[in-house]
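Peer 1: Sequence:
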Amino acid sequence: MTAESLNTESLTPTALDLTGMFVHAGHVMTTRMAAALAAIDVTPRNFCVLAHAIDLDLTQAQVAELADLDKTTMVVTMDELEKAGLAERRPAPTDRRARIIVVTEAGRDLVRAGRGIVDGVHEEVLAVLPEDERAVFSSAMRRLVGGLLAKPVESEATVRRARTSKR
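Heads up, the sequence shown is in the working numbering, so the first residue is 173 and it goes up one at a time.
Certain hints may be false.
Per label pair, the in silico range of CB-to-CB distance [as the list claims (entries may be wrong)]:
no.	residue 1	residue 2	range
1	V325	E254	32 to 42 Å
2	E237	V200	17 to 27 Å
3	T245	L190	19 to 29 Å
4	A270	T203	29 to 39 Å
5	V200	T266	38 to 48 Å
6	L188	P263	45 to 55 Å
7	R262	V308	20 to 30 Å
Source of the hints: derived by calculation from the structure; they are not laboratory data.
Yeah, the Cβ is synthetic: ideal placement off N, Cα and C, and Gly gets one too.
Could you build the full structure based on these sequences and the hints that come with them?
Peer 2: What follows is the structure, encoded as structure tokens:
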């Protein structure tokens, strides 16, 4: 294809850049959440693991799946949570290779405090929308992430997640 044969109009986006908007929104939400949860000295990832593990007797692998973490990241996260006294890994009664994640009393206190913070961030973001659009937006997001966007598709191309700030 030559430069002359390119039609510049065909390079103009014809639809919303949903991918770009989702990536940007996800990054901004994560930074807002990190800043808010810093008030109780916990990262969004650590809070997510604690919140998913609380009262459910789930294995480390099951919590990793719920929290959308890979195996290595989950191990590092659990190391951090155990060191901080917020969670423990205990042998699973039915599989000696598996570990059940148990949230400690300190971890439970942190989840209680964190839920209010997380809800506050969500309310702040949704407050930008007129009240009648909030339920519609939330419903649409639930349908998207529970349906077509529930699981990554298999691809031979390597797709990496965007790097996020360590702060």
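Peer 1: None of the hints should be skipped; say for each whether it holds.
Peer 2: How the hints compare with the structure:
no. : hint                     : result
1   : V325 to E254: 32 to 42 Å : holds, 34 Å
2   : E237 to V200: 17 to 27 Å : holds, 25 Å
3   : T245 to L190: 19 to 29 Å : holds, 26 Å
4   : A270 to T203: 29 to 39 Å : holds, 34 Å
5   : V200 to T266: 38 to 48 Å : holds, 42 Å
6   : L188 to P263: 45 to 55 Å : holds, 49 Å
7   : R262 to V308: 20 to 30 Å : violated, 43 Å
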